[in-house]
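The task is simple: from the sequences and hints, build the whole structure.
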Amino acid sequence: MFDPDMWSVNTQGFAPSVGRRFVIKDPPVLSTRFTGCFQCVVTDVQLCQRLEFAAQALTWSGPPTALIATFEFVELPGETHCTFTVCGVDSHDPAERLLDHIITESIYWGFHYINRRLERQRCRQPSVFGLRHLS
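For the record, in the sequence shown the residue sitting at position 72 is 52 according to the numbering used here, with numbers rising by one throughout.
Treat the hints with care, as some may be off.
[What the hints assert, rightly or not] Computed Cβ-Cβ distance ranges for the label pairs, DEER-style:
#1 H61 - A(-5): 23 to 29 Å
#2 Y88 - G(-1): 27 to 33 Å
#3 L56 - H92: 18 to 24 Å
#4 R1 - Q26: 29 to 35 Å
#5 P43 - N(-10): 42 to 48 Å
#6 P43 - D6: 16 to 22 Å
To be clear, the hints were calculated from the coordinates, so they are not data collected in a lab. Every residue gets a Cβ at the ideal spot worked out from N, C-alpha and C, and that includes glycine.
Structure below.
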């Protein structure tokens, strides 16, 4: 997660540095107000341990949705566990619940992608310790 080449989403300008602004561009979320574009800023970095960023999910109309995404890594013998947390989703808003689902699936497939790359490089394999959602 600290190397932009390992991300499975289209990022522009990411670097693991507090205060760094970057953009995530995904396809629009169909049948919702979300454009698929996230304006982000890195809020916390502890290399190989923690990465946190604030994200504004841009919309076609109305205010953007503010989210906080956190990745925490724990080294264990022979593997690395990662916990991903996303905060700020309004669970009463169907569009935001769908956005949360899409983010979760994207992270899941991102870890799958990283795991496959690491397997090919014969490095240690990360395993997903848990996905946790806080509204």
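To see whether the hints hold, each was checked on the structure:
1. H61 - A(-5): 23 to 29 Å: 24 Å, holds
2. Y88 - G(-1): 27 to 33 Å: Given range 27 to 33 Å: holds, Cβ gap about 29 Å.
3. L56 - H92: 18 to 24 Å: Holds, at about 19 Å.
4. R1 - Q26: 29 to 35 Å: 20 Å, violated
5. P43 - N(-10): 42 to 48 Å: Cβ of P43 to Cβ of N(-10): about 24 Å, so the range 42 to 48 Å is violated.
6. P43 - D6: 16 to 22 Å: The hinted range 16 to 22 Å holds for P43 and D6, with Cβ atoms some 19 Å apart.
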